[in-house]
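Engineer: These protein sequences, in sequence, are chains V and H.
Start counting the first sequence at 1; every next residue gets the next number (this note's numbering).
Start counting the second sequence at 1; every next residue gets the next number (this note's numbering).
Warning: the hint list may mix true and false statements.
[Stated by the list, open to error] Straight-line C-alpha distance at most 35 Å; calculated DSBU-like pairs for lysine-lysine: (1) H/Lys17 with V/Lys96; (2) H/Lys17 with V/Lys45; (3) H/Lys17 with H/Lys97; (4) H/Lys97 with V/Lys75; (5) V/Lys144 with H/Lys67; (6) V/Lys79 with V/Lys37; (7) V/Lys75 with V/Lys65; (8) H/Lys60 with V/Lys72; (9) V/Lys56 with V/Lys45; (10) H/Lys97 with V/Lys127; (11) V/Lys45 with V/Lys127; (12) V/Lys65 with H/Lys97; (13) H/Lys60 with V/Lys127.
Everything labelled a hint here was simulated from the structure, so no lab data went into it.
Model, not experiment: these values are computed from the prediction.
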Amino acid sequence: MRYIKHHINFLLLLLLPIIASGCSVKFIADYDEVTDKLVTDLQRKMEYFFLDLEYKFGTPEADYKNYIELYKEIKTDLKLLELRASALPQNEITVKQVKLVQKNLLLFEEIHKDGLDDMIFIEEPRKDFTLAFINILKLELAKKRGE
Amino acid sequence: MALDLAELATNMASAAKEVITESWDDIQPLAEANFFLLAEGITNIEEKFLLGDISEEKAKKLLRMKKNTLEIALLTIEGLSLIAVEQAINAALNIVKDAVNSALNFTLI
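Next comes chain V alone, as it looks inside the complex (with noise of 0.2 Å):
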C-alpha cells in the first residue's frame, strides 16, 4: 500500500505544473473549417471525375488526354489542402494523409495513361479516395472535441 501511495504521489509530482497551470492537455491540431471545407469540395470533385468516367468508359472520350486539365486542377487543389494542413501547429496526422492522397492521384493517373481497359481501374480508386477524404473528414470533426 505504501508503495501504490508513493507511486500516487509521484504521478500527482509529475501532473502538479499541468494543474497548477490551469491548462488541459494538446495532442492534435484544432479542428479547421478551411481544411474542412477543401478536403468536402475535393470530395465532390473527385465523385463527379469518377462518375464522368463511368459514364465515358470505354469510348474515346475517356481517354487521359481528356483529363489532363482536370488532374492540374485536383493537384492545385490538394497541394492548397497540404499547404493549408501543414501551416496549422500539431497537424502532421493530417498532413501524412493528404501526402497519401497525392500519391494515390499519381498512381490512378499512370494506370489512366495507360487505358481504363476494365471497370475495375475505375471502382476500385474511386473507393480509395472516398474512403481516404471520409477518414480525413472523420478526425477534421473529431478535431471540434464536442464542442
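Go by the hints and put chain H onto chain V.
Structural biologist: For chain H alone, coordinates are given in the frame of chain V:
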C-alpha cells in the same frame, strides 16, 4: 478537508476509463468498416488478376493505392486515439482540480 490520495487516484482512473471506453466504441466500427472495404477491394483485384483481366503492373498499382488508403485509415485511428487519450487525461486532471479546490474551500486551480 484533506485529500484522500487513493480515492483521488481511483476517481481519476474512472474518469479516464469512461472517456477511453466511449471513444473506443466510436473508433471500433470505423476501423472495422475500413478494414472490410479494403480487404474486399484487395480480393477484387486479386480475382481480376488471376482471371487474366488485368496486367501485373496495373494490379500492383491498384494494390499500392489500397496500401496508401489503409495507411490513411490507420492515421485516422491514430488521431482519434490521441484525442481519446487527451480527453482521458483532461478528465483526470479535472478530477484533481475539483478535489484540490474543494479541499481548500477556494478556487486555487
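Engineer: It remains to establish, for every hint, whether it holds in the given structure.
Structural biologist: Cross-check of the supplied hints:
1. H/Lys17 with V/Lys96: 29 Å, holds
2. H/Lys17 with V/Lys45: Distance of about 41 Å is beyond 35 Å: violated.
3. H/Lys17 with H/Lys97: 18 Å, holds
4. H/Lys97 with V/Lys75: 48 Å, violated
5. V/Lys144 with H/Lys67: 28 Å, holds
6. V/Lys79 with V/Lys37: 14 Å, holds
7. V/Lys75 with V/Lys65: 16 Å, holds
8. H/Lys60 with V/Lys72: 24 Å, holds
9. V/Lys56 with V/Lys45: OK: V/Lys56 and V/Lys45 at ~17 Å, within 35 Å.
10. H/Lys97 with V/Lys127: Outside the cut-off at roughly 47 Å; violated.
11. V/Lys45 with V/Lys127: 14 Å, holds
12. V/Lys65 with H/Lys97: 63 Å, violated
13. H/Lys60 with V/Lys127: It holds: about 17 Å lies between the C-alpha atoms, which stays within 35 Å.
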